[in-house]
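Peer 1: Next come the chains, spelled out residue by residue.
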Amino acid sequence: MSQENRISGGQIDRSKTWRFTFDGVSYQGHPGDTLASALLANGVRLMGRSFKYHRPRGPLSAGSEEPNALVQLRSGARQEPNTRATVAELFDGLEATSQNAWPSLKFDAMAINDRLNTFFTAGFYYKTFMWPASFWEKVYEPIIRRAAGLGALTRQEDPDDYDKGFLHCDLLVIGAGPAGLSAALTAGRAGARVILADEDFRMGGRLNAETLEVGGQPGADWALGAVAELSAMPNVRLMTRTTVIGAFDHGIYGAVERVSDHLAVPAKGKPRQTLWRIYSRRAILAGGATERPIAFENNDRPGVMLAGALRAYANRWGVAVGDRVAVFTNNDDGLRSAMDLKARGVDVVAVIDARKDGDLLPGVRHLKGAEVVDTAGRLGLKSVTIRQADGRTETVAATALGVSGGWNPNVNISSHHRSRPVWDEGIQGFVPGEDGPPGLTAAGAAAGVLSTHGALAGGQAQAVAALADLGIAAKAGDLPRAEDAPVSIVPKWYVSGGKGRAWIDPQNDVTLKDVKLAQKENFSSVEHLKRYTTLGMATDQGKTGNVLGLAVMAGLTGKTIPETGTTIYRPPYTPVAMGTLAGRSRGKEFKPFRLTPSHKWAEEQGAVFVEVGMWLRAQWLPRPGETHWRQSVDREVLATRKSVGICDVTTLGKIDIQGTDAAAFLDKVYANNFASLAVGKCRYGLMLREDGIVYDDGTTARMGENEYVMTTTTANAVLVFRNLEYARQVLWPEMDVQLISTTEAWAQFSVAGPNARKLLQKVVDQDISDAAFPYMGAGNITVGGVRARLFRISFSGELAYEIAVPTRYGDALVRRLMEAGQEFDAIVYGTEALGVMRVEKGHVAGNELNGQSTALNMGLGKMVSKKKDSIGMVLSQREGMVDPNGYRLVGVKPVDPKGQLTAGSHFLEHGAAPVIENDGGWLTSKVYSPHLGCDIALGYLKAGDQKIGKRMRAVNLLAKTETEVEIVSPHFFDSEGERLRG
Amino acid sequence: MADTLHALTALGQAAPQTHQVGPYRIEERFDVALASVAIRKGRAADVTRAAQAAGIPLPEAARFAAGNPYSAFWVAPEMWFVEAPFATHEDIVAAVKPLFGDAASITEQTDAWVRFDLSAPDLGPLMERLCNVDFATAPDGFATRTVIEHIGCYLIRHTAGAVTLYGARSSAKSLLHCLEVTAAAVI
Amino acid sequence: MIINHPILGPRDSQEFVYLGSAELMNRPDGMTTGVEAFHNWLYNRDNPAGEHRELWYHEQGDRSWLVVTRNTVTHEIRSVELARDVAKAMGRTK
Amino acid sequence: MRYSGFRVIAEALTGHKGWKPVWRDPAPQAEYDFVIVGGGGHGLATAYYLAKEFGQARIAVIEKGYLGGGNVGRNTTIIRSNYLLDGNEPFYEFSLKLWEGLEQDFNYNAMVSQRGILNLIHTDAQRDAFTRRGNAMILNGADADLLDREQVRAMYPWLNFDNARFPIKGGLAQRRGGTVRHDAVAWGYARGADMRGVDLIQNCEVTGMRIEQGRIKGVETTRGFIGAKKVGVAVAGSSSKVMAHAGMRLPMESHVLQAFVSEGLKPLIDGVITFGAGHFYVSQSDKGGLVFGGDIDGYNSYAQRGNLPVIEDVAEGGMALMPAIGRARLLRTWGGIMDMSMDGSPIIDRTPVEGLYFNGGWCYGGFKATPASGWCFAHLMAKDEPHKVARAYRFDRFLKGLMIDEKGQGAQPNLH
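Chains as they are written, first to last, in the working numbering: chain V, 1 to 982; chain U, 1 to 187; chain X, 1 to 94; chain E, 1 to 416.
Next up, chain V with everything else stripped away, as it sits in the complex (with noise of 0.2 Å):
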């Protein structure tokens, strides 16, 4: 039988029929259901199970709060857990599986917990499984957690795209039933700049579930005509599908807008969703109220619901959820919900009113100071018991019970800030507190004014006072007419008596027994008790349960229940998918590439890339025949060290320092004295951290007589710019210095080695002999015309020059050294020949450079002058740091030449057990030097530089080897330095 459930009426286009399936069985619905309100309308109530005892669960709403019915949707790498069937749209051909049963919904072999539920009450695994320690890990642990969790991930790469962007308005509203229309159409016809945003694929809100009117005609209707009304407004933006889940400092909201999850698979191109950052300078949270369930055995039987969701799903989707409905009430709003109801055709059995006074409703069983003491049915709601005023019980046959124990604001976004809520004794519920985010106030049933007048009032007066803040004057018109009902409520939380178990976290199966017990355990504070229960935590965050539970503790305790407080409510208000949050910025998309000048000709070559940072440099370029990365690099090294090698080193940061001043900053900024460098000349440079660690290192070339050019290395180019940005401005703000970043202006090539002078000089323009171009030079020259500097500066040991041409030369200016350089058999060499060079040499790098040392640790103390007031200066003389017996920067060979090193490995005498007191320090970076033939590394010692000469052992405790090493001066090639003046 097709939609056994469906009745007439709803806002569902009955003129197409889609075709879905859960767990395989194929059912029929319609554009404008959920997947709920569909299975509802087939007769299917069991959509899940609960987390702990794997009871059977049906639909507890008809919207974004629901605790039960979640699902798995889709299939394969779109595979969705936990997905609330309440929320989802309908599409055709759409795929749901039930998740968290085995074998099969209708028979889950995890309800033995169920039976065992006397055993497994809150906490009580925090009492045991504790012997032998062991079992904890390898067996109990992983029968727990094969237990829990909810849904599954298919450990597939989701396949769709998100998206993210910003917008910015006067005034953002936060739901779009009658408050927040109302705010809008007030901002809107005054010309702000507005954004209305409702989680709802229609906006509406509750109009779309009622059957009230509003301005005499159907509220859905009026809903429908104030959408079209600010449609047509340029300056308001609506967006449905759209959920704001927190806000954040001055005015920023996220909102997730679910742009394709109505669709099977979105459009070509289009994002799944779009995180949106909303920059608002004022906020109207019109979220509305959720209501709340009564605590009574047994009632979380599918078929238990709240009875605004029943009323819903017959007004909004023409869907009678049970053929005999009761409605359990303690508010003239659940009258409501019996009345439409009965006005839809639906048999309602039995009203049963917590209250003892008032009138009765007309043409419906009525039963005054009645309450529901139990239920039955194991599947679904075959009965419900009832005790009568008098204590008479009686057992009433009925497929579906609505109950409502009250409606709770949602007051979760004004209260991400931390602001607590307000208890209001007249609805019994609690409302945004004084406190919230600025900027923020909230109207309608968010606020605690649950009538339709009270809402469209309060929408508008609250949209006045929000634009009347920002000086935007707009008008309180006539509101259309609509009920205005006052509240009429008695506080009814649970009821008492009887020894089952009566829910009040459905998800979690927390229950009203556990809340005894942690009143017992003297878990009474509302976090003790929401920890050790779990109550809340679960997906639904206790939109349903939590102000119940606080309640329950209340009148445990004796205390009242603002007395007792909340919990703290945190963003997001509904769940969101990682994939939103982080947009594009995944897979190589994560961070985007920066690549060098000569990039394209390096590909041409087969060069193996390396990540540098953000960079992509190459680290190699293998020639044919070369089957390991040693050979490639062996060869670019011996090259380079016997004719010429040629490396992009545009990565290393440029920074141009202008100004009469330029000299006096450099010599703050850097420990080593830079006012004497003459014009013309280069200087390599220390810097410290204002804590005497030294934490850059570079060559600053004096091009002009206020003018220089720094080079960084590449890690810290960014740092260094905003610490020079820092001294300028704030260290000392009357030097005159001028300041600009030019790493990517510039394509700058190292060409290194004995031919070094001979090849450039066949490219340049201009006599670059040793006499016009000195080592240590810097100038500006030609190449074929183009401008470009020249820097003869060695990070090799070679005689070596560092040229630079505008960026877009550089790929031009490598296949012209290439060519050039063919008869010097000249190559080109990546980053790992480049690192052997600067060891053998004895240079510091990345390794050396961590953070943790200081220039006298490096054997490079005498470069910090204490004649100036330099960053760093002051602090790197402190007595820890000057200790002689201090880490010292030392060369390590191993003594026989076969033997292999590894960086990291640590430094012990001869004889000296692994132990941390036997630590000597370690090896920083290793290489292998094709030069001495063997394994070289540089290393810090205790004591270093006493320990020239000396053997120790390098020690790799994780690959259990060792070493025996001879500690000698990192230098080792060419220590003199007569071939960087070749």
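Among the clues, some could well be false.
Claimed, not checked - Only pairs whose alpha carbons sit at most 30 Å apart, straight line, appear in this in silico BS3-like list of lysine-lysine:
# : chain 1 : residue 1 : chain 2 : residue 2
1 : V       : K127      : E       : K266
2 : E       : K169      : E       : K407
3 : V       : K867      : U       : K41
4 : V       : K268      : U       : K173
Said to hold, decoys possible - Partner residues aside, some chain X positions facing chain E, computed with beta carbon under 8 Å:
# : residue
5 : Y18
6 : G20
7 : N44
8 : A49
9 : E54
The hints are simulated quantities; they were obtained by calculation from the structure and are not laboratory data.
Each residue gets a CB set at the ideal place from its N, CA and C atoms; glycine is no exception.
Please build the complex by placing chains U, X and E on the supplied structure of chain V, with the hints as guidance.
Peer 2: Coordinates of chains U, X and E only, in the frame set by chain V:
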């Protein structure tokens, strides 16, 4: 003198490319020279005078001003980026420096950036997904630094339908990729 | 958060890099200050729960260093100044 | 009352009538020998060990809110001892050893689960650094394994191996690392302390310190003056506020760190994984939620809540590493206030005020330190000398230039 060197665009091509995604046109520009001009301490009046004499606009904060041959936009207190046609001003520092003498610090910036000119009947829907600039209310001539998918950029709004982006040159391909996929998601 | 930049108006704090307390502006002169006082300046902080003057750098903006007066409990920002102006007013020179 | 499986069964069969309060709610006495300010993990552990290991009595813990309401109840539950530096590693290894016997020691199942922690390697330099670190760990008696890419793939084949911006090149594993049910740690210590006669006084905030002739006399509180021979402050996050009552400025800033949990999922992640190319670390709780975190928000804050940019940054790191979690949903975010110290390492030390002791500066590594912190602080307070594994945690290390700077970031708290 050896042969001159041939240039590549930031996207690694001999000539700039134009990409069209629906109504969105993304045009790489390779024909604009760029230099920073920063006022030396206490020389604001000299710089203003020299700029006026040379016809170099020095707009107020967060603004771009067009001129011929020089246009300029503000980048920092007492600092502007000055644009000029590359064909005539390839060595833009050599051209600009004499105009200011020692009153300003001038630095070449041409190749530090990739420039994309974006155009469409309305760039709003694209811009709101790209960066945190209130594009709809920004006036024409608005110039700002912003971040697009982790890449620092300068954005100049010429009109609602015409924008110039200067992004870090080394990330030109990543930036273009972002512009293209975002545009595809909007159309 | 939004920082109301003295030149550029409201800008998202994501464009900025945070350094720390504006007490750091009082850097002692290294030639006349000993280790103890220098260490006290660099390491010890008031760290108030309440109004806090602090340094932010507009890295993805105009590169201005700012002094932001912000409440560390509510995150409310009371004032924003250019650090250079503040430093000059403090008498910091070359 | 002793807890056991037998007890649980016996109570279940008799209607759970016999369970007793896990702690009393005593009124504060006029004077104690020891007053511990701060009823979080460290404070409760200190009181527990003072009573149990150091034979002390007349002890009170005073807490401004509820027990375990600070960072012990709002962290990502990770325990490990994979530190690098001499000042830290012995301490954290001592702590890990205490974790290993904790539940039997205090008779409470805190679900200490040594499922292993894996720090991923993405660059050669990281491998070098982790090799150095792994060796230091072993030298200190801890366990460490350096894994190559294929070994990591065998553990977690669904991580992003094939389309990563920063490829996984290996990992440093500590198999004894893992997770612990955080709240249960506070409750276990609280219950153990209470059973040994410690007064746990909730809703009692320190408003001042009475100091006479350089000696502590007691604390002023919202529940009146409480005299004490010795006062120990363990209020990480609020350290500067509380120590200001003693006129001290501390080498630290307070920062907010956000943490995150997803909806419950069937088992996916067995141990703890930290991404080495972004801000993301993750484990999966026994309930099935992915518990994860990233970097601090980065500005001084006492607000216990964070902002969206860090949430996005963490999600980006998560998706870059684990493209399969795109459809898992973030359920809840929260924020805790961290004492971010000037070198990223803690302080357990005397103060210039005689009888006043300080424990703080834990940055965001305090949870794993809880047992050793409590033990060492109790040692210091009981014996007036530092425990040997906590000797480096002195105030004066900054003056002497003996910083314990694991990350090498210098005197900028938000970078640690």
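Peer 1: For every hint, state whether the structure bears it out.
Peer 2: Checked hints:
1. K127(V) x K266(E): holds, 25 Å
2. K169(E) x K407(E): Holds: K169(E) and K407(E) sit about 21 Å apart, inside 30 Å.
3. K867(V) x K41(U): It holds: about 27 Å lies between the C-alpha atoms, which stays within 30 Å.
4. K268(V) x K173(U): Between K268(V) and K173(U) the Cα gap is close to 22 Å, so the pair holds against 30 Å.
5. Y18: holds, 5 Å
6. G20: It holds, given that the least Cβ distance between G20(X) and chain E is near 6 Å, below 8 Å.
7. N44: holds, 4 Å
8. A49: Cβ of A49(X) sits 4 Å from chain E, so the hint holds.
9. E54: With a minimum Cβ separation of about 6 Å from chain E (threshold 8 Å), the hint on E54(X) holds.
The earlier numbered hints are all upheld by this structure, with none contradicted.
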